[in-house]
Structures are given as structure tokens and as C-alpha cells.
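Chain E is already provided as a structure; the job is to place chain Z on it using the hints.
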Amino acid sequence: MDEAAAHAGLVLSQSLSDARAICPNLEAREIDRGYIAQAFADFADWHSNASPIVSVLTDQAEWGDLILDITGVSHLFGGEARMLDRLMNRLAGLGIAVSGAIAPSVGAAWALAHFAMPQVIEGDMEAVLAPLPVAGLRLEAAQISALNQLGLKRIGQLFDYDRRALQARFGATLLLKLDQARGFIEERVTPRLPLAEYYTERRFAEPIGLMDDVLMTARDLSFQLSGRLEGEGLGAQSFHLFLYRVDHKVMTLSVNASRATRDALHITRLFTNRAERLLGEYDAGFGIDMIRLAASSVLPLGETQIGVFDVRDGTADLDQLYDRMASRLGPLAIMRNKFVNTHIPEQAVKLEPAIARTADDPHAAPDPVLKRPLRLLPQPEPVTVALAEVPDGPPPGMVWRRINYRFVKASGPERVGVEWWSLEKPLVTSEAPEGEPADIAINDGIGLTRDYYIAEDEGGRRFWLFREGLYGRGEQRWYLHGFFA
Amino acid sequence: MSQNVVSFLDYLKPPEIAPDTPPYAELMTTSNFSFLRGGSSPEEMVIQAAALGLNGLGLCDRNSFAGVVRAHTVMRDLKIKFPAFRYMVGTRLVFRDGSPDIIAYPTNLAAYSNLCQLLTAGNLRAPKGECFLDLSDLDAYAEGNLFIIDADETDWPRADATLRHMRSIAPKRVWLAAACRYHGDDRARLNRLAALAADVRVPLLAVNDVLYHEPRRRVMQDTLTCIREHLTIFEAGRRLEANAERHLKSPEEMARLFREHPRAIAETQRILGLIDFSLDELEYNYPEETTGNGETAQQTLERLTWEGAHKRYPGGIPQMVVDGVINELKLIEEMKYAAYFLTVHDIVRYARYECNILCQGRGSAANSMVCYCLEVTEVEPVTGNLVFGRFLSTERNEPPDIDVDFEHERREEVMQYIYKKYGRRRAGLTATVVTYRSKGAMRDVAKVFGLSTDTIDALNSMSWSSYVREASPERLSGLGVDPNDPTIIRVLEISRELMGFPRHLSQHVGGFILTRDYLDHLVPISNAAMDERTVVEWDKADIESLKLLKVDVLALGMLTCVRRAFEFMESHYGQKLTLDGLMREQDDRVYKMTHRADTIGVFQIESRAQMSMLPRLKPEKFYDLVIEVAIVRPGPIQGGMVHPYLKRRLNPELVDYPSEKLKAVLVRTMGVPLFQEQAMQIAVVGAGFKPGEADQLRRSMATFKRTGGVGVFRDKFIAGMLGNGYDKSFAEACFRQIEGFGSYGFPESHAASFALLVYVSCWLKCHYPDVFAAALLNSQPMGFYAPAQIVRDAEEHGVEIRRPDINRSDYWNGLEDGPHAAERVWERHQEMRGDIRSTKAIRLGLHEIKGFKQAYADLLIERRSAGYGSVRDLWLRTGLPVPVLEVLAEADAFGSLGLSRREALWAVRGLVGHDGAETLPLFASAGVPALRQENDVVLPLMPFSEDVIHDYRTLSFSLKAHPLSFMRKKLGSHGIISAAELNRGRDGQKVEVAGLVLVRQRPGTASGIVFSTLEDETGIANIVIWNKVFETHRAIILRSRLLAVRGRLQVEGLVVHVVAESFTDFTGDLIALANGKSIGDAVIARGYEGKSGPPDPRRLAEIKSTQDNDRAARAALPGGRNFH
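Protein sequence lines, in the order shown, are assigned to chains E and Z.
Heads up, the first sequence is in this note's numbering, so the first residue is 1 and it goes up one at a time.
Heads up, the second sequence is in this note's numbering, so the first residue is 10001 and it goes up one at a time.
The following block holds chain E by itself, in its conformation from the complex (with noise of 0.2 angstroms):
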């Protein structure tokens, strides 16, 4: 919520009907949750630059509040205020908002970069905790609010009172955070990174800048990964090699596998592979000094799995050929067929991605009562029937493309609606004009039913063709759509 949508009259946790009453062109469009977590995990990521000790703190806020462990690295950026004015600048020079501060206790440095300027404190927490209100103290929603019933609102009246009559009241968590934030108590962050074993990582004392230099490494890091994760007996699906550039950008290459690998071979070639393609992107800028591989999409791959990645074998793992062959062409190059659940012949088998498959819907299966032919006209084609019979008896023959068939079979009609609610044309449901049919909306106004039908000709070649609107009801049309053999 920035100070433009205040100042318009919007509120937090409004719901977007009032919101739009209030300022009627808003435009509002779904957060997406997904790209501002990746992207502050990027962020939280690319500090572990400033500080080994890198930590998200996430019980109040939704994405989290960043915590630098900065014990002994600030003289590197020459001195704490000059550090906490480097960082903050370079995040605000990005266009976003930052506050921070810098204190002796995580609580104290949380409450003074939500409630106060940016400042650097080392000695009397309390008398700077003072003024600042209980919200301060990372407390409970229901801590605060009973606190501010009472009357108690600022960190500094709480000072005063009896530590076994807060207590009582407010539970233990209040005096531990009162004394987490004044030092008393010392509070350990848990760094980000949990999963520091499965990465790896190289620094450069010169930047380096060419791609063929980027892959050498990647090589060289895969097969220090690789050796970590057959030690543990696991494999990975996704593989990320994060390139550190000097002017504080991250640029991240990642590569997906369609079933867990940890083969050092496979993974190089398919970054190789990918970076192909991103050739023209690729920007070293200044130079990278640090590059990390990391594995993510973790799980346990046994011993016996590694003989299906040998590719002498002759045993050619489809899997493998998918995924090699989608980061050198690209993911939509390699596709298969998937059943849709629809009515409409020509939509029910739709293409997907081999290595993005998705589950497949249970109701999609075809239906074995409806015949479909063998092949589909990627476009029906006109035909012409002459006398069929009405209202929906079989072509008796057809012109297709200028030539005479004669049917001496046919069976049909299957009758398919149109699906009527993809059409652009509203519907018209009520009133039909008197005098006329009462269905001639479902012709007419919504769209035109098909029938069809299997014909075999003299020759023995089954077609499957339909009539598109019904008789009596406007004008019909004949098509030929496909062929059973």
C-alpha cells in the first residue's frame, strides 16, 4: 500500500468491491505471490554478499524482515553508519523502499527501522525504545491490543511496571521481547540458507567474463555438487547457477530435469545447453567474481538409478532425451498429446510440453460409444451433398474436391452443440419473437449445431463428415472432417 492509494481513500484489508466504490478506476490485478517471494528471496540471497549471516524474519511480516549478522564484517564497508547507508541506498537507488537501522539487538534494530529514522544505536537501548510504540516489540496482534487497552502503549511505560505482573498478563513472550530488544537477552537468527550443503560455490580473486569461462566453472561445480549429493544418496530436479557481477546484479541460469539426477555430465550439458540459447542475453557487465551452483527440487536417488543416465547402454532414457533436447530447443519444441474434456471433435486432443506434463483429467478419456476417425482435417473441408434426407438422414454421396463419392453405408447423426458459452455473441435466452420457433436461438443466435456422420463409399473408404445447422432453421452447410481409414 504506497501513500498514492492513502491518499485516494484506500485502506488496507478493504475488500476490492469498496475499494472500487471509493475510486472507481482502480485497476486491480491479483498479486503475484509467487514473483514477490522469489524476487525477496533474491534479495535476501544477494546480501549474503554483505554478510555470511543472512536471515528472514518472518513472524511479522508476510514476506519477511531482513536481518544482517553484521559482527565483524562492517569495517569492510568502513564503518557501521557508512554500511548501513551503502545498503540502504543501493536497495532505494532500485526504487524500492527500504528503512533499517542498525542496533546491538535484532529486537531493538527491528523496532527502530519500523518505527523510527534510520540510525545507527550502540549503547542505552532503552532510552531510544522508549518513545516507540508497543508494536514494537513484535508482539501479538492480541498482545498489543490488550496492551493498548490498557493503556499502555509506548515501550517506555512498560518499564515501570512489575516483570511478574506483565507477565500475568500479557504472557512470557512479552518480557522475552522486551528483553530481547533492550539486550538482555541474546537472540539467534537462523540464516536463510538452510540448504548450504547442497551448493556450491566459487569466488574469483579477478573477475572473470566470458561465457566459456561461466561453463568451465559450471563443470567444474557440478561435479563437486554431484559428488556431494551421491555422498548422501540423493538427486535433484532443478539446477541453478547463480553468477554474482561485480555492480551487485545476480543473474540466474536454471535448468529443470524431468525426473531427480545428480549425474555431473547431464547437468553440464544442460547448462551448455541452455546458456546456447541465452547467448544473446547474457551481459557480464563489469565482470562476475562469484558464481554458485545450487540444487533445489531435492530427493533421494538410490545407487542402482545411476546406470540409467549411461547413455553407451543403448537403453536411451526418453526422460533424458526430453530434457536435453528441451534446453537445447526450447521447452515447446518437444510436445505430446493430452486429452481434453470436450464435445468438440477437433479440440478433445490438444498438445503439451513433454517435460511440463501435467496430470491428466480423469473425465478426458474418449468415449468409446463416440466413434472418432483415425484422422482429423486439420480444417473441415467443404463438400457438397446433394439430397440427403431430411431432416437428418444420411448423404446419400459428396463432391470433395471435385470428385464424386457414393455412399452405399452411413450411420449418424452424432449431434454436437456448439459450446455456447465461448461464443462472442450474447445469448438470447428470453423472449423469442412470436410466430417463429422457440428454439431458433440455439441456431441462430447462439451458434450452430453440427451432426455427423460416417459414410462408406463403393470403395470401401469410411469418411466422416457433418452437416453444420439443422433443417428447417436457416442454411446448412456440408464438411468433411476426417477419415477412418
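Hints in this document: simulated from the structure, not taken from any laboratory.
Where a beta carbon is used, it is the ideal one built from N, C-alpha and C, also for glycine.
Be aware that a few hints might be false.
[To be verified] Covered stretches of chain Z (in silico footprint by chain E; criterion: 3 or more residues with CB under 8 angstroms from a CB of chain E, positions within the stretch not fixed):
#1 10131-10142
#2 10184-10191
#3 10822-10831
#4 10903-10909
[As the list claims (entries may be wrong)] Capping the alpha-carbon separation at 35 angstroms, the derived lysine-lysine pairs in DSBU-like fashion look like this:
#5 Z:Lys10421 x E:Lys371
#6 E:Lys350 x Z:Lys10592
#7 E:Lys338 x Z:Lys10336
#8 Z:Lys10336 x Z:Lys10421
#9 Z:Lys10547 x Z:Lys10592
[Said to hold, decoys possible] If we take Cβ atoms under 10 angstroms as the criterion, some of the chain Z residues that face chain E in the derived model are:
#10 Asp10152
#11 Arg10181
#12 Arg10218
#13 Val10219
#14 Thr10225
#15 Ala10244
#16 Glu10253
#17 Phe10449
#18 Thr10455
#19 Pro10486
#20 Val10884
#21 Glu10890
#22 Asn10983
Just chain Z now, with coordinates in the frame of chain E:
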């Protein structure tokens, strides 16, 4: 439903059918009473079948007879034009054991009873709304029924087995259904079915397995399928029908489809020939109400009536009454309704004398001399100008109609008495068909189309008081919805169509149907949502249509209030009051009070519209109240009857009658028709309708919403009136009024009974405002006003109100000795000084505290003895959980201990944890609480304004101050005046007034005008918002808690309105003040505004924390009740 039943019938003509076409009747139909399956109503099915030239239609919904009466009713009208058309009652039996569905048609009454019993058995073993049947259940009830098997084509062996089984239990009465499915293999399928039928030796029957009456309804049926299966239309795929073929088809078309199986068509006619059953045959026996002393019901009734008459008229029964009673008794004997009157009498007797429950009858039959003598009603038909000509219409042969209202909290006792007296198998509640209303329809359809919850909310907010059909493009775009979006258009279109579709059956609030024989032989019975209740499948209209007798046992909150008031009067003032006694008194001062529209809280005449009518109508006698109750209703308002009536009241010389004939009808209302009965009589007397037609007209009015209009009747009515020499404008006005009654009819007979309660509640309010307010508060929620206004109104009338307290309050509000209210009456009610006799103060009960349960209160009161000495004492003696004590503390209920809200809260919160040992049983049983005194703490003082807001939060009102009193200075600086000052303004003056929004009301009739009521510390301001102004400012009007309105003053006698022009929302200022912003809060750092660009997060944190407080405070303030 777009199909207008009546007008459709009018242009419906028997179709021309080629002479050699074999006749056909459709025997497999699913209407929308197979909930969320069928796409058309039973009425539409029957009409369409007749129009297509079918010679019969059987309705068979899933395990139910719920829709059969509707089709039957329409058939009566249809009979005239289509004498040869047959309608058959049937049901589709759906089994839980996987057997194929079987359609059953009873051939006679006994067979129908069998099916009712079968379905009852299935219903009673299933949860509400379901029916569990197994094929084996059928064995016992197969007698006399015809069975059509709907074979499942994926399981031929099972179909074969079922057919053979059915043939064995019902030889020669089994058919195999065959329908064309258009799956491309129909010819093969029909042949295969024919082969199966031949093999088992049962005939093949042609059907079309109809789901809707015409193909356009495919859209509706697809939508219903999606709603049922919780799918969006986009993912439903093949779970929908592939085409629109499951509609009713003409005989020619069916003959063509079954040209290779002509026998299958002919079989439909054979079935028609076998069925000899119509719902008209239902033999219905009302329970005999004999007392066992050898008297017949009629004799008992006569005896009781005369006994009652002597009691009513101790000084001798007037001749007029004697004549009336004799006439009525004769009529009752003729119509054989004696037992029915005795039932009502017995129920009333039980309630009144055995349970001491206040009750009162109403309805056309209730306002008879007989009912008055039987003490069913308290309004004497002869006095107060009530002349009820015929209380039963012999021509219409309509069952008598008596509704009995009981105290709303005690009605269940009466209902259980009825069940006990007649037994479960003889008494059942009527059903209510819950139909789709605009919001529900919109929500469900929108979900099917995958609209987001926000869009659905936006669309629904549109129908704040109106139907979807009014959705204008401007309105939609105002809500941020694109009116040209095809999906939106579709959603609106379909939801409009869906409105009125039945969704499920529910139980009627209190309509009982009683029989002498078993009820389950008459209609299937099922379990109700509540234990101990059973429900039949038919609703009020169905039962009326079949002429079954029904007793309505209804609940009325005002009766509860009056009973409580009577109890207070007896216990605190030593007066024993009765409805009848007060009614006889007829106190002038009570009527005088209504002239000032001082009617907050009284029955019926408390709404804004009523209150603005009162000073103009100036009721002076009882009949005026009857008119007052009935006049502010859609009927008279839409018919434009209100102003002519008012004019004639002011100047009786204006009274004239359209004709001598109509004078008899209209004399009571000065020549202006105001009541439903009068409208009907005008149709008969003025427009020459036959009583049967008037009945049809009345029915079409009742279903006005469902069928969309009464066009045919309109022409006939106007033509009839003109033909009899009446003015065209008068005729049109009368008809408009009839249409108005369609949406909410109000008959004189109901108005009279209501008027009695109006009078009684006014009497109480006039003389004992303390008693009235306490009783009214104890009966909440009811009526128009929130407790805050009732409390305030009592205060204005001089009653002292005392806050809930742990040592003083009971659970309910009670009375304590207090000051003479008459001496404390506020300036604006000075006139009442002589009338008010109150000498008590109201002690608010613990139940006024939000979230405080009665069980806790009972415990607290039980252990209180001499009172609690401290919070700890209360805790130890009651063992109430600490969160409960917190509720009490937050409600400031520890005043008698000298604890402020914060002090009490501090003490309560300290109870747990640090002295936990005290809660051990050891200490509790020893009874010696180990006291360990905690040092007294000094808590920050709560600002007065915050205190008041907390009152609102916990009690929904404050006795300390009005929130606006803190704002007065600021409002004054804006030039905003107080509500009291409004009364000194002159007409047309520009004013601005502010207050808490109490009510926003948009009466259905007032052409979209919104009435709003604002409250400030000096009184109430009435705001009128024209539709156009409302639309422009709707957001602010609907959102604000504290609203300032600028507009023009409109003064009409005592009634002062502000006609609104513009609005300002002051809610934020009020909340800021209430949060104690200026009093000791930390000054939160503002800004870090070094650079432009992204906003400062600290500012956001501040906004957020303020907003949290604001939300809490905002939630505490009344949101204003919306009425329409």
C-alpha cells in the same frame, strides 16, 4: 422465469397436427423440482406439451412429488382449451444400490399412497434433502403402479436383471424406456433395446427423457449441472449434454424418430389408458375433534362458542352478535369446518392456559365472531367499524385461513404439543420451496463462469435492494465491471433466468397440515433440519390448491415483548393487564402520542415511512390504526391511493364513491380502496369478474414475481371497469394496486389483528416507557431500531438507565426503584409529562454485553448471594474462565467494585499464571483463598472519548455520552448544526447536519428514494436521499459511520426532513478522537523524506497501525442497518 403462464395460455392454441400422426405422450420428464437438474418448471413443461400437440405428459422428478401440484394447478386452467390433454403424476425412483432408475406412475389412489409411503421410508432413513432407496424396497409398494425402466446402457446385464425382477413383482406393468440420444448410434441402440425388451417380454416405450421444455433452456441446464457439480463451465466438458435435444418434441418428430418402432409410440397411449388417477381424488380427512362426550364436532363448537360469548359479554350478548354467530355457525356446519375451528381453539387454549404463552389469531376466518368468542382473536369484529361480510367465501370453496401468532421464543412448545396430540404420522409441517433470489442466482452463475469473488461481490452489491434486471450499464461500470463483457452479460442474463428456480425444500416456519389418516399416504414426508420435526413436500400454495386445511403457527417478537411488559407491570406496578382489557380502554392520550410520531419501538408503525404518515393521518380511533398499518404498503402506494385518502380525511366533503355498488365495498375507507379484500371485491363488483376469475387473478398476483405479469387480467379488468361505467384512471389505479399487492398483499383481516398489538405497544410506551423499553430490549432482535435507539428513546422519556454490573444485573434487563420519569422528560417530549407514570429505572442485564453467554450469567447470579467483593472473589466463587471475566471487564461491569474499565481489566488479566496455585482443588475446597496482595498499580487514565467507544464496542451503545458530543466543537466550526436545531429551521433553508448513521432504508415502492436516519447527541435527523443523488454518492453513503449531510430543510408540520444534496464522511475524525490521539500517544516519526520516489515504509507502518486501531473503532460504531 420469463414464461408468463397466464398470457401464454391466452394465445396458446391447439396446434394443427397431420391427421395420420400417431398420438404421443411424454412420460419421462425432469423438471426443476429435481433440484439443479431440470431446466424448466413443471408449469412450463405442461404448457409446452399441450402446445406441441402431445396428448399427455407425466411429471416424474427424482424421488419426489414436490412439483406435481404446480403442474396440476396449471392443468386446471389448461383444461378449458385442451380438454383431451392428460397430466399424470409420477416419480423417478433413483436407487442407491446402483439399479437403473425406474419411473413409477400410480394408476389409482391406492397406488399413489404406496409410492408416498415408499418415498417416506426412503426419506426418513436419509439425512435431510436425500432419499435412500433400494430396489428391494419396491416389492412391498409395487401394487397398482406402472414401471418404466430407464436402462443404463453401459450395464446391460443389470438392466436385464432389473427388468426381470420388476416383471416378476409387477407383471404386465413394466416397460423399457427408449430414447434417441444422438450419439451417432441411435438406430443400433434402439434395435438393441427392442431386442432386450422382446427377450424379457416387456414392451418398449418411446420417451425423450426430457430435461427442459424447449431447446433454449440447454443453457440453463448446462449451468445447473455446473452448479450441482461445483464446476466452472469451462472445465465441465463432457459432463454436460452434447446437444440441445432433451426438450419436449412434437408427436410428428417422435413418430419420425421411432419410425422403425411404432409400437413404442403406441405404448404411451396404452399407459395413458391404464392410469386413472388425478390429484383431485386425494381424499383428505380432517382430524375429528371430538371431546369424547358424545358430541359431534359441530355441537362442541357451538357449545364453546356460546360459552365464550357469555364470557365476552357478561352484560348480555347484543342481538347483532347473536345474529352474526348464528350465521357463521351455520356456514361452518355447511362447509364442515367445525373440526378445524376446534383445532385452532385447542391450540390457542393450550398455549394460553397451559403454558401461559401470549397468542393471537389473524386471517380472514380469524376475524369472525366465532373466533372472537373462542378467544382466538381479541379484536371484536363489530366494534371499531370492522364489518366483515363473509368470512368464508362459499363460491370459492377456499379453506378458511387462520394464522395464530405466538411469542417467538416459545412457539416450539406449541409445535411439539401439536406433534404430541396428533402424532408424527398425522401432523407435518408444510414445506417452503427455497428459490433462487437475485443474489444467490448471481453468485452461483458467476461462479460457474469463473468470475472472481471480488467481481461477484461487486455485482451483488448492486442488488442492494433491487433485482438484477435493473442492472444498467452505468451502474455496472460504476462498480468497475465492464458492461460490454460477454461473460458479464451472459452471467446477468442467466441469473435473471435462474431467479425463481427452486433450489431445495425447506420447512415452512409454522404451517401445519393435519390429517385423520396417515399423512404419508397423502404425500411423502421427510426429516426436517431440526430434530423432532417432519415436513411434507408441498408448500403453502400447493396445499391451498389441493384444498387441504392448514394451521399456521407463527412466531411474533412483539408478543414476547408484550408478555414481558405485562409481567413487569404485574411484578413492579401491581397491575394485571390483558390485551382484551387494554383494547376496551381506548385511551385518547395513546392516540395523541402517535400524532407526534413518537413511536420508536412500537409494533408496525415505527418505520420512517410510517412515522411520516402518522402526523398526517392522526389516528383517533382503533380503525384508524388498522388503516395506518395497511396504508404504508406497496399496494396502496403503487396504486396512488395514499394521497386521495389523506385528502379525504382532512376534508370529508371530498368523499364520494365511484358508484352505489362500490360504496358498500369502499365506505369504510372513504371511497379509496386500501385493503386486499377491497381490491378483490372491486374486481367482482366493479369489473364483473366471476369469483373463480378473481381467484385466478389473486393467484397470479401471488405468483407475480414468478410469472412476470398479469397482462391478460389487466386488459380484462380495465375493459370490465370501463364497461360498467367507471373512470379509466380509477380503473387503472385499482389495477396498479392489485399489482402492488402481488409483491406484498395486506388484507384488512391481518391489519386488524396487527393494529391491536400496535395499540397495546403504544399504550405501554405512552404510560410506562420504562417497562416498555426493558421488555423490548429483552426481546431483541426485532423491529426497526437497534438497542441504542431504544435506550436513548427511553432516556428521552425520562427513564434512568443503569449500566450492567456484576453485583446488580440479572441476565435480562430488569427494573429497579428509580426517579419519577415524568419529571425528567426531555424538552421535546414535554407533552408526555402528564402521561408518563414510570417510577422505575432500568438496570441493563448482562445479556446486553456482547459475547457474554447466558450459562455464565446464570452461574454468576446463582453464586452472587450478597454480592462479590472483588474481581478475585468473583473468580474464586464462580470459577468463570478468565476470558469471560475479560469480557465483563471490557464492558465496564465492575462499577459496583469501584473499578474502572482498565483497572478491572488489569485485575482480571492478573488472575491467571502468577497465582495459579489458587486454582488447585486443594485451595478451592478449603475455601480459604490464599490472598496475596499485589501492589496497586497506576494505569494511564482512559480518555473519556475512548471510554465511550469501548461502550459501543461492548454494549453497542453508551450511557456516558454520545460520541458526537466530542466532535461538536469541530462540527460547529464547519457550520454543522445539531439535530435539535433542525426543528427550529424553516422550510427550504440550507442546512448541514451530522450524525451516526442508524438506518438506511429503501422501500421497494418509493421509486428508489433512500431514507436515512442520523443520530447525534441532541436527537435524530431524518434524511431523504433522491435516487439520483444516492447513485452519485452511494459509496460514501454506504461506507460512512459518521456522516455529514448538506441539504435543504423540508418542514411539513411536525415532520422535518433534510433533502440531501452532498455528503461528507467524518468517520475518520471521530475515530481519531476516540483513539485518544491527542492524549499521550507517542509522536511517531514522520518521514525520511530525503528523496522522492518510493514511499517511506515507516509511514506505511504508521498508516497500518493507525488503520488497525481505526478498524477496531470503526467496528465498534454502529454500521447502520440497511432495510428494504
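Outcome of the hint check:
Counting residues of the region 10131-10142 of chain Z whose CB falls under 8 angstroms from any CB of chain E gives 0; the rule of at least 3 is not met. Residue count for the region 10184-10191 of chain Z with a Cβ under 8 angstroms from a Cβ of chain E: 4. That meets the three needed, and the coverage hint holds. Beta-carbon proximity to chain E at under 8 angstroms applies to 0 residues in the region 10822-10831 of chain Z; the threshold of 3 is not reached and the given coverage is violated. Coverage of the region 10903-10909 of chain Z by chain E holds. Counting CB-CB distances below 8 angstroms, 3 residues qualify, and the rule asks for three or more.
A C-alpha spacing of about 64 angstroms is found between Lys10421 (chain Z) and Lys371 (chain E), which places the hinted pair above 35 angstroms, so the restraint is violated. A distance of roughly 80 angstroms separates the Cα atoms of Lys350 (chain E) and Lys10592 (chain Z); the hinted pair therefore is violated under the 35 angstroms criterion. Our distance criterion of 35 angstroms between C-alpha atoms is broken by Lys338 (chain E) and Lys10336 (chain Z), whose separation comes to about 72 angstroms. Between Lys10336 (chain Z) and Lys10421 (chain Z), the direct Cα distance comes to roughly 21 angstroms. Compliance with the 35 angstroms bound is thereby established for this hinted pair.
For the hint linking Lys10547 (chain Z) to Lys10592 (chain Z), the alpha-carbon distance of about 45 angstroms lies beyond 35 angstroms, and the restraint is violated. At its closest, the beta carbon of Asp10152 (chain Z) sits 13 angstroms from a beta carbon of chain E; the interface hint therefore is violated under the 10 angstroms criterion. Interface restraint check for Arg10181 (chain Z): the shortest CB-CB distance to chain E comes to about 9 angstroms, inside 10 angstroms, so the restraint holds. Satisfaction of the interface hint for Arg10218 (chain Z) is found here, the shortest Cβ-Cβ separation to chain E being roughly 7 angstroms, below the 10 angstroms cut-off.
This hint holds: Val10219 (chain Z) has a C-beta 6 angstroms from the nearest C-beta of chain E, less than the 10 angstroms allowed. Look at Thr10225 (chain Z): its Cβ only gets to about 12 angstroms from chain E, farther than 10 angstroms, so that hint breaks. Evaluation of the Ala10244 (chain Z) hint against chain E yields a held restraint, the C-beta minimum of about 5 angstroms falling below 10 angstroms. The beta carbon of Glu10253 (chain Z) comes within 9 angstroms of a beta carbon in chain E, closer than 10 angstroms, and the hint placing it at the interface holds.
The closest approach between the C-beta of Phe10449 (chain Z) and any C-beta of chain E is roughly 7 angstroms, which is under the 10 angstroms cut-off, so the hint is satisfied. Checking Thr10455 (chain Z) against chain E: minimum C-beta separation of about 8 angstroms stays under 10 angstroms; hint holds. The beta carbon of Pro10486 (chain Z) comes within 6 angstroms of a beta carbon in chain E, closer than 10 angstroms, and the hint placing it at the interface holds. Checking Val10884 (chain Z) against chain E: minimum C-beta separation of about 15 angstroms lies over 10 angstroms; hint violated.
With a least beta-carbon distance of about 7 angstroms to chain E, the hint placing Glu10890 (chain Z) at the interface is held under the 10 angstroms criterion. Proximity of Asn10983 (chain Z) to chain E is violated relative to the hint, the smallest CB-CB distance being about 33 angstroms (cut-off 10 angstroms).
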